[in-house]
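Peer 1: Keeping their order, the protein sequence lines are chains B and R. Just so we're aligned, residue 880 is where the first sequence starts under our numbering, counting upward by one. Just so we're aligned, residue 583 is where the second sequence starts under our numbering, counting upward by one.
Be careful, since some hints might not be right.
Unchecked claim - Think about it this way: if two alpha-carbon atoms lie no more than 25 Å apart in a straight line, the pair counts; the simulated DSS-like pairs of lysine-lysine are:
id, chain 1, residue 1, chain 2, residue 2
1, B, Lys1133, B, Lys1194
2, R, Lys855, B, Lys1133
3, R, Lys855, B, Lys921
What the hints assert, rightly or not - Among the chain R residues that face chain B by a calculated CB cut under 7 Å, a handful are:
id, residue
4, Ala592
5, Ala596
6, Trp602
7, Ile603
8, Ile604
9, Ala605
10, Ala674
11, Ala717
12, Leu721
13, Met753
14, Thr786
15, Arg854
To be clear, the hints were calculated from the coordinates, so they are not data collected in a lab. It should be emphasised that the depicted structure is a prediction, and the values quoted were computed from it without experimental measurement. Using N, Cα and C, we set each Cβ at its ideal position, and we do this for glycine too.
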Amino acid sequence: MTPLAQPRPTAATAPLAATGLPDQAVALRGLTKVYRSSGRMKAKTALDGIDLAIPRGAIFGLLGPNGAGKSTLINILAGLVLKTAGRAEIWGIDIDADPRQARAAIGVVPQELNVDAFFTPREMMELQAGLYGVPRAERRTDEILERLGLADKADAYARTLSGGMRRRLMVAKAMVHSPPVLVLDEPTAGVDVELRQQLWAQVRAMNAAGTTILLTTHYLDEAEELCDRIAIIDHGRLIACDTTAALLRQVDDKTLSVALVEPVAALPPALSALGLTLEAPGRLLYRYGPSRTRLDPVLAAIRAAGLTIRDLTTKETDLEEVFLRLTRAEGKVA
Amino acid sequence: MNAILVIGGAEIRAALRNRWIIAATLLMAALALTLAFLGSAPTGTVGAGPLEVTVVSLSSLTIFLVPLIALLLSYDAIVGEAERGTLLLLLAYPVARWQVVAGKFLGHVVVLGLATTLGYGAAGVVLGAIGAADAESALAFAGMVGSSVLLGAAFLALGYLVSVSVRDRGMAGGLAIGVWLVLVLLYDMALLGLLVADQGRTITEAAFNRLLLLDPADIYRLFNLAGFAKVSLFSGMAGLAEQAQFGRAALLAALGVWIAAPLTLAAILLSRKQL
C-alpha cells in the first residue's frame, strides 16, 4: 500500500512550519470537565485534571471503560464540549486562543457511519474541503479516494456503499485538509476481520506518512497491535500512560500449562506445595512472575513426582489483563 | 461567509437530489395554474380571470400552504442531524454554530424561493401571455410572489427555532404543527373572538393593527390583500385597506423581523446547547 502524502502545512499549521514542528501533537494540562447538574441528573466530573502528552508521529491509544471520559476528551479536542478547566493544545495551538485553527489541525473519524445518502463520496469530500477552506487547487480528493480504495466508487451515491466502504469514506473525509492529527473513534467497531486488517494497514500507512493518530478502541488486541503508546483513563482520571511494551511489563504474570502423558486423579502434595494446580486430569497449571521465578525447579519437581511431560505452553500477559487490573484497582480507589 | 455558502449549497443540492424542489415546484405550479384558470368559477365563468383575482386566490392559499412547506423543510434541520449523529461531525469542522444555522437556513430559503418563484411564476407567465395583466396587476403579482418567499422564510426561521429547542424529531414535528395551527388558524380566530367580546371598548383600531403584526400570516395577508388598490377590491378588504396603518414597506420590514428574530434566537440557543 502506498502511504498517503505527508500532511501538508495548512492555514493552521503554517505558522508552526516556519518555526519547526511541535514535539507534542496533543498536549493536555489539568484538563477538567464537570457536567453541571440538570433536572434529575447530578453533576458529574467527566475529566479530572488530565495531564497527557501525545508525541508527534505516534499511534496513541486512548483506552478506558464505558463512561471513563474518552468521548469527553475527544469532544473537547474537536471543539464540541467546553472544558471546565485546564489547557489543551493541538499541534501547538491552544484551543482557547485559536479554536478555529486548532480544529483545522485535527481530523475526526467518528464511530457512527454518518454519510448522506444523496451525496457521492467525491461530493462529500469536496463539501468537507470547502468547510475547511481548502483551495480547489490544493484539494486531493482523487488521491485520497484512490489510497483508501474508493476511486471506483467516487461518483456512486453513498447509499450504494457497503459498510466497509462507508467506514473508509469516513477516514477519507477526515483527511481532506491534511490534518497533522487524526482521531479515530472506535474505527473497527463491528467490522469483519478482513476490513479490520485493511483499516489497520491504512492507519499504519497514514502514520508512516507523518500523521499522528489518536485511537480509541474497545478492542484491546487492536490497541496492542497498533499503538506504540497507550493511556488508560477511568472515572475521568488518567491511571496509566506509557509505551505499550512498558504497560505489558507492568503485570509480572505468566501462566505455564503442562500437558501430561498419563492423566492423574489428584495433584501430588509436593507439586501442590509449589503452587501448581490441576486444571484437568492430564493438565497442570502454574502461574508465576517471570521476573521472580525460574521454571527449572518446577519442571524438575514434576518429573520427580513421576509425571511425564507431553507438552508445555506459556501464556503471556496481554493488554486486557493489564487493563482489567488497572481499572479494577482504580474502581476500588474510587 | 464561505462556510455559510458551502453549507447552504449542500442543502440545495440535497433538496434537488431528494426531489423536494421538483415536488414543491410542481405542486405550487399546479395550484397556481388551477386557480388562474378556475378562480372565476364561482362567478359562473371558467377561463383566465383578471390577474388580481389570481393574486387574491393564491394569497389565500399561500397563507396555508407556504408556512406548512417551510415548517416541513425546517423542523428537523438541526434536531434531525443531531439524531442521525451528523451534527456533531459538522460542528467538529472549523465552522461556528451560527454559521451552521445561517447556512442551512440560506439553503432552505433558496429551495423554497425557487419552488415558489417557478411554481407561481408559471401562472404569471401564462396569464401575462394571454394578456390578463396590466403593469399594476403585474406588480401586485410580483409582490405576492416575493412576499410569499418572505412568509416562507419567516416560517423557516420559526422551524429552526423549533428544531434547536427540542431533543427529538417527534417533538419537533409536533411543535411545528402547533406553530402552524396557532399562527395560521387559531390566532385569527382568537383575535376575532376578542374583537366580538370587546365590542370596540378596549381594542382600538391602532391596537388592532398592531396585533395583526404579531402574526406573520396576517402581515402577509395585509400586504397582499389590502396593499394593492385593485387587489383589495377583489379581496373584499378595500375597507380595511383604507384604514390600514402600515404601508407596504413597513409590512415587509415586519416580515423581516419575523425572519431575523427567530433565526437569531435559534443561533443563540444552538451556541449554548450542550451536545
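Peer 1: Hints first: check each against the structure and report whether it holds.
Peer 2: For each hint, the structure was consulted:
Between B:Lys1133 and B:Lys1194, the direct Cα distance comes to roughly 6 Å. Compliance with the 25 Å bound is thereby established for this hinted pair. Of the supplied pair hints, the one linking R:Lys855 and B:Lys1133 is violated, its CA atoms being roughly 50 Å apart against a limit of 25 Å. Taking the CA atoms of R:Lys855 and B:Lys921, the gap is about 18 Å. The hint holds against a cut of 25 Å. At a threshold of 7 Å, the smallest CB-CB gap from R:Ala592 to chain B is about 5 Å, leaving the interface hint in force.
For R:Ala596, the shortest C-beta to C-beta distance to chain B is roughly 5 Å, which falls under 7 Å, so the interface hint holds. Against a cut-off of 7 Å between C-beta atoms, the interface hint on R:Trp602 is violated, since the closest Cβ of chain B lies about 10 Å away. Checking R:Ile603 against chain B by beta carbon gives a least distance of about 12 Å; that is not within 7 Å, so the hint is violated. Look at R:Ile604: its Cβ only gets to about 13 Å from chain B, farther than 7 Å, so that hint breaks.
Residue-level restraint check for R:Ala605 is violated (minimum Cβ-Cβ distance to chain B is 14 Å; threshold 7 Å). For R:Ala674, the interface hint holds, since its Cβ comes within 7 Å of a Cβ in chain B; the closest pair sits about 4 Å apart. Look at R:Ala717: its Cβ only gets to about 43 Å from chain B, farther than 7 Å, so that hint breaks. The criterion of a C-beta within 7 Å of any C-beta in chain B is not met by R:Leu721, whose closest approach is roughly 39 Å, and the hint is violated.
For R:Met753, the interface hint is violated, since its Cβ never comes within 7 Å of a Cβ in chain B; the closest pair sits about 16 Å apart. Interface restraint check for R:Thr786: the shortest CB-CB distance to chain B comes to about 45 Å, outside 7 Å, so the restraint is violated. Among the interface hints, the one on R:Arg854 is violated; its C-beta lies about 10 Å from the nearest C-beta in chain B, farther than the 7 Å criterion.
The structure fails hints 2, 6, 7, 8, 9, 11, 12, 13, 14, 15 (numbered hints given earlier, in ascending order).
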